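Q: Residue-level listing of the chains:
4 protein chains.
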Amino acid sequence: MRVSPAELRIESLGDCEHNSPLSATSSVQFVEDERRVLIQHEVLPGDEIHRDLSLEKAGPRRRIFFDPNTTTAAIVTCGGLSPGLNNVIRSIYLELRHTYGVRRVLGIQHGYQGLNPAIGEPPIEIHGEFVENIHHLGGTTLGTSRGPQDPTLVVDFLAQSEIDILFCVGGDGTQRGAGIIAQEIERRGLLKSVVGVPKTIDNDIPFVSLSFGHITALEEAEKVLRAAHTEARGAVGGVALVKLMGRDAGFIAAGAALASQDANFVLVPEVPFPLEGEDGFLYALEKRLQDRGHALIVAAEGAGQHLFPQPRDRQDASGNTLLHDIGGLLRERIMIYFRERNIPMTLKYIDPSYIIRSVPANAWDQILSNHMARRAVHAAMAGKTNMMIGYWDSEFVHVPICSAVAQKKKMDLSDDLWQGVLRSTGQPHW
Amino acid sequence: MRVSPAELRIESLGDCEHNSPLSATSSVQFVEDERRVLIQHEVLPGDEIHRDLSLEKAGPRRRIFFDPNTTTAAIVTCGGLSPGLNNVIRSIYLELRHTYGVRRVLGIQHGYQGLNPAIGEPPIEIHGEFVENIHHLGGTTLGTSRGPQDPTLVVDFLAQSEIDILFCVGGDGTQRGAGIIAQEIERRGLLKSVVGVPKTIDNDIPFVSLSFGHITALEEAEKVLRAAHTEARGAVGGVALVKLMGRDAGFIAAGAALASQDANFVLVPEVPFPLEGEDGFLYALEKRLQDRGHALIVAAEGAGQHLFPQPRDRQDASGNTLLHDIGGLLRERIMIYFRERNIPMTLKYIDPSYIIRSVPANAWDQILSNHMARRAVHAAMAGKTNMMIGYWDSEFVHVPICSAVAQKKKMDLSDDLWQGVLRSTGQPHW
Amino acid sequence: MRVSPAELRIESLGDCEHNSPLSATSSVQFVEDERRVLIQHEVLPGDEIHRDLSLEKAGPRRRIFFDPNTTTAAIVTCGGLSPGLNNVIRSIYLELRHTYGVRRVLGIQHGYQGLNPAIGEPPIEIHGEFVENIHHLGGTTLGTSRGPQDPTLVVDFLAQSEIDILFCVGGDGTQRGAGIIAQEIERRGLLKSVVGVPKTIDNDIPFVSLSFGHITALEEAEKVLRAAHTEARGAVGGVALVKLMGRDAGFIAAGAALASQDANFVLVPEVPFPLEGEDGFLYALEKRLQDRGHALIVAAEGAGQHLFPQPRDRQDASGNTLLHDIGGLLRERIMIYFRERNIPMTLKYIDPSYIIRSVPANAWDQILSNHMARRAVHAAMAGKTNMMIGYWDSEFVHVPICSAVAQKKKMDLSDDLWQGVLRSTGQPHW
Amino acid sequence: MRVSPAELRIESLGDCEHNSPLSATSSVQFVEDERRVLIQHEVLPGDEIHRDLSLEKAGPRRRIFFDPNTTTAAIVTCGGLSPGLNNVIRSIYLELRHTYGVRRVLGIQHGYQGLNPAIGEPPIEIHGEFVENIHHLGGTTLGTSRGPQDPTLVVDFLAQSEIDILFCVGGDGTQRGAGIIAQEIERRGLLKSVVGVPKTIDNDIPFVSLSFGHITALEEAEKVLRAAHTEARGAVGGVALVKLMGRDAGFIAAGAALASQDANFVLVPEVPFPLEGEDGFLYALEKRLQDRGHALIVAAEGAGQHLFPQPRDRQDASGNTLLHDIGGLLRERIMIYFRERNIPMTLKYIDPSYIIRSVPANAWDQILSNHMARRAVHAAMAGKTNMMIGYWDSEFVHVPICSAVAQKKKMDLSDDLWQGVLRSTGQPHW
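Chains as they are written, first to last, in the numbering used here: chain C, 2 to 431; chain E, 2 to 431; chain A, 2 to 431; chain H, 2 to 431.
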């Protein structure tokens, strides 16, 4: 990720004229705006340390921009489900209400649709009873939808509804949409904060080392791999093929495979692989069956797109390029390959995506989503805008939206994760 | 189920000339061959009680046919996976070895294939270490395959391998195969016992009120329904469609739906339903979306076969008629229906079958499979043959294979289960 | 269980003058009051079949006693937690409201306390939103407490609150209390129905083959046994001692042990065992450690009461005799035994009861509790009173409260369950 | 943590004269010994960056010290159970065997006992079948014990057994023991490597941001808190008190409470709290009961030691000071407090430690333990010794054992975790 110090500067609505209500609490450690987290971890003798490549540290500010008594905040959740959405909603509400004393918190219904009164349902008022038990539920109690709305209409709506702060919980496309809304707000000279909370089950947003929901997804995916392994082992020439999430990055496929230690092939977008020939996947699969009698293949949905004649040019409502169906292709080619060679083979194909993404958050993701949500509130109350909460290894940080959406995060193939996968699968180094 | 008393008579290899080793254990309560379990439960005043319609009670016999010191037993698991298979293997082994003192227990590999030396791998010898931890694993450690083998070859193999007892763990087709093997044994005048242990995740074998693996399947399926419900609720016009196992009977679909209480439509083989028109499924779905905004549909794989132009005539290797793809049909028709009417609708289709059937048995199925396995050993050691262990409500019984495979068990639509489903879904009474 | 036909006769408030609203539903199969379920299952040649020993079958009646339009029902949950309580509350409400059209359903708070206005909080009105998601939660949303209240005060309260039907969900003591309330109602000549729903995680109520919550408890207990087994195996001379529920009957200890197959000793109230001497438990434990190096002991809380100098005479608020602490006794005696003999031994003691009983119901118990709840509503609407829903193997039945509370159900030591435990543990036949 | 650059220098056995077998694999990225991970994350303008305070980065070295063909390695697991132990054993074996080609890998039985032939059992030879499925099991298949052994005897044993590399998997005490062994080896001038893998379910070892097993423990503990919350809510004046692991640090109590969001009081060793008086815990509990009717208390086992008259001076076999029983004290004082004030209160006490620590590792811990294990092998093969694998946020590093055991890691009370707990509980700031 190449980025200049300027691209990491956080926008602010103006001077912070109010004392944080947290000042009354003795033990709170406020964070200065100047405190920054180094991007660089490692150093070789003689190396320079790039102290200007750093991210603004998240956390409570001593002085805040918005007067809690007169502030209205709204929360919107967009895109596909990810474990932890309800935890984010709940913790944003609790931090606004109980820490800052904000009295009016709105829940926008069904994603950005709910910010366009022409097609969406009106917001609901969030209160204590609404959030009481939602942290133990999967999905999002506010509903979701895909795709952006006209920023003019959205900002009209924010103005009419007297919404001062908008929390946008969602992925890549959602954050891009949040950035556009923030720009429209700025264009009009309004003093409204737009703060993003990154939600990506695929874990593919830059400056977010680990996004909430991802570890829960690994947990669920690993269970599926265990089932698939059982199926493969039970059958004569048993092959189980599991398609997992991962449009642009193979973090889920690789992570689940590394956790399970039972996968024999992991196919990810970052590693194009040949299908045919002596170096090809099919031949390697044949050899595996010969040696061990069964095989478990894990394919990210974005893997093997180079195997299709031409790229897809259609997009879904979120603006994601529609992918070719690698699961279907592999099924077909595996079937043909073994049938032609008259080798007994039983193929089980499993596509568990909806099951994986709609479960409640596990303990880790409950903690992570809570932390992110509360820091998003601190940032917004301090008047930060057009930014997103990030997580640089062990520290929560502020990331300008434009830098967060400039590109997708991908696996570094020389890194622990992929090297671990290669070691545990023994698959060819394509 | 119509059946005559004669059809419930159990075959035996001959006189039981050995004392059961269990005689040494004070607390065992032996079961007399004459002790029978009434099929009839209910009675109205004036009704006759059919005492001759009864099943031979399972359990240890005081006198046994086979001399444990010189007996070899073999276990074969066939057909699709079901939670509890490893528990059955383990408990058969332990009962043979530790209760009866049988020294040689073989594991046939990959189903009936392993009884045909031309294509199968040779049996393995089962010992204590082999079974030590398998009761906590899904699948079958012996492997499985579909389809029968030539009974002549099989009985040749049993004779050569000096196998005296063959335990056939499997469904409808497997039991039919077991019956044919038993007949070939009888034709040759051999003294070998063939005892079936019913394995049907669909719970569709007669005289087996509840088969092992079924409750675990409900447990797993219910989790999937919860995920699907979450998906449906999150989306605009959210419809989740879950295809579950159930070729001929809707027990899994109905049971999981009744457990979850969140399903709105349950489609099963026993209830043909119209798709179009005012009484049709699609119109009912539209109304549900109008009223509540989301819907959860559960379809057994054997549901709605009448909606296809003509019955399928191809069969899989197990002899099951290949079904038309009701999941695919419903997906397509639902999409078209709402697109034509311009009603926003988001469809999520989930097919979790492999995930459901390959998990380890839950506590209940661990108990049930253990009971069935040990009773199968008692029956076999007593020289019973051409029979299967049944479970008539709370009692384990012996069922002649021919009666067990004469037809499939289906849901009684006036019974608790289906009535409960109708009440909890509120779906039309088709 | 000795019982006379007269003791199985169900009381009724009077003639059923209303048609059931279910009559409008074509597929319902009404149950006649005369339809009875035989208690006897088995028969030997020459045996008499006791057709008069039978239980009234539960289910919807064609004619009902209460006019749904003017009827108020109330639900109370008492005693210790059991998985499924919220499912019972929800299904009673839904059946009353949606099947029968009853408009007013009250939730009594914190058990029988809530029926005594002097000490309890007033009832809440149950509505659709209240029950919407409670079936996925453990515990009871109505709260609970132990012990009865003065029946005069209770019936005063029922009269003042115009409660026509009272559903009492609870164990032995709760049902006894329900019977006393029903008698007080009858004494006053009131037309109020009292219907019990048996809740016993220990599974020890007569005429209830399987009570809701019990299988979930086995599931959870089995997980604990697996953890305990892991602890025992890891340590030098590792002994894990797990105390499980089971005051009067060992169903949980035996069932969990049978499911786990890893327990080596199961101590239950039904089987007094010697501690010392060559036939004693401690010597058997020593031998087990010698042979295998580790041991897993499961003790029901009511086991080994004979080992204490004299019976306890104090009772808890529910009227249960307070038990001596067998867990503590065993810990101490095991420690002393091995210390005296200088044998290395590491003891881990686990008491998981609260964790086991407060989880949500599993799929099976969700189904079972739903069935019981809906049948309780059928019975109550038909004017049955002073009775409890029973479950005689596969059939739901009506049981007079006095017969249900006459004694506790215990394990039959010659039956499948205990015999299975003896076989899987290999423990001495005390 | 104060530490000097010198204290972070890693010892090495000598020159690396062999090429790593990994050189043959194109994609591997070797790590230079000079590559270091900065300890410092954050910087304020004007702050110095301490580049000399850094840790040697872990990972495969291009040149290695030991010749795989002639090297023998041994693995020992010590102390209490933690999820992931079997994963560590398995991954160490696989990395040694398959990546490096080491042929002889021994498993030391039952902790350091197994290194003292006078009392321990001899090592077992680890092979592929032994480790095949152990990654899905809790506990340690090698067994464990507490306490060190005489280093003279241990090094004699290593010499006799021709063990070149010893992997010591364990906590604080185990690592201290490993350091002493390494010193004895050095004293004798032997060329044997001792490499530690930190195992601390409490997560209290310095330079290990997150230890394997800890997140699984949070997951399990959170389930227990959910059950406890259910118990508390069900009862009149319901108070649930859960004692969790955490001798010196409150990471488990705080993490589980933060995940659950249902705890009202979290008591940890880092925060002494008064019991009595207006600022005391008991009064705060009374107020909570008044306001909300129920309360959930989470206490780390090392909390509140200041409440006992004098410190304990006895130690367990691992050298940990025996703690006073805070669970027992709180139970008693809570009971007395409410009884004296005549306030209805029901207390449920839960101590789930053994259940939490003996489950299999979750996906995250499977990954983490695999990474640590493989890096331990890289370090050992490169001749590093008297060191432990660390994890500094997102990077695996080498830590000298003396620095790792110099003190225990504790929660920073101004940090995210504890601040999050204060916010989610609303408890007093003691």
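FYI, nobody ran anything at the bench for these hints, they're computed from the structure.
Predicted model, so just to flag it, every value in this text is computed and none were measured.
Incorrect hints may have been included.
A pair holds if it fits inside one copy or across any two, identical chains being indistinguishable in the list.
[What the hints assert, rightly or not] Cross-link-like lysine to aspartate or glutamate pairs, in silico, DMTMM-like; alpha carbons within 25 Å at most:
1) K409 x E287
2) K411 x D326
3) K288 x E130
4) K288 x E333
5) K288 x E122
6) K224 x E133
7) K288 x E133
8) K288 x D151
9) K224 x E130
10) K409 x D68
11) K224 x D317
12) K409 x E163
13) K409 x D352
14) K409 x E271
15) K288 x E396
16) K411 x E396
17) K409 x D394
18) K224 x D68
19) K224 x E271
Q: Now, for every hint given, state plainly whether the structure supports it.
A: Results of checking the hints against the structure:
1. K409 x E287: Result: close neither inside a copy nor across copies, 34 Å intra and 39 Å inter.
2. K411 x D326: So K411 and D326 pass the 25 Å test inside one copy only (20 Å; across, 38 Å).
3. K288 x E130: Between copies only: 21 Å across, 58 Å inside.
4. K288 x E333: within (19 Å within a copy, 39 Å between copies)
5. K288 x E122: The answer is between: 19 Å across copies meets 25 Å, while 57 Å in one copy does not.
6. K224 x E133: For K224 and E133, the Cα distance is within 25 Å only across copies (17 Å; inside one copy 29 Å).
7. K288 x E133: between (54 Å within a copy, 20 Å between copies)
8. K288 x D151: neither (54 Å within a copy, 31 Å between copies)
9. K224 x E130: between (34 Å within a copy, 22 Å between copies)
10. K409 x D68: neither (36 Å within a copy, 43 Å between copies)
11. K224 x D317: neither (29 Å within a copy, 28 Å between copies)
12. K409 x E163: Answer is neither: 34 Å inside a copy and 51 Å across each miss the 25 Å cutoff.
13. K409 x D352: within (24 Å within a copy, 30 Å between copies)
14. K409 x E271: Only inside one copy: K409 and E271 sit 12 Å apart there, 41 Å across copies, limit 25 Å.
15. K288 x E396: Intra 45 Å, inter 36 Å, cutoff 25 Å: neither.
16. K411 x E396: Both ways: K411 and E396 sit 20 Å apart in one copy and 18 Å across, limit 25 Å.
17. K409 x D394: both (17 Å within a copy, 22 Å between copies)
18. K224 x D68: neither (48 Å within a copy, 39 Å between copies)
19. K224 x E271: within (24 Å within a copy, 33 Å between copies)
Hint compliance for this structure: hints 1, 8, 10, 11, 12, 15, 18 are broken, all remaining hints hold.
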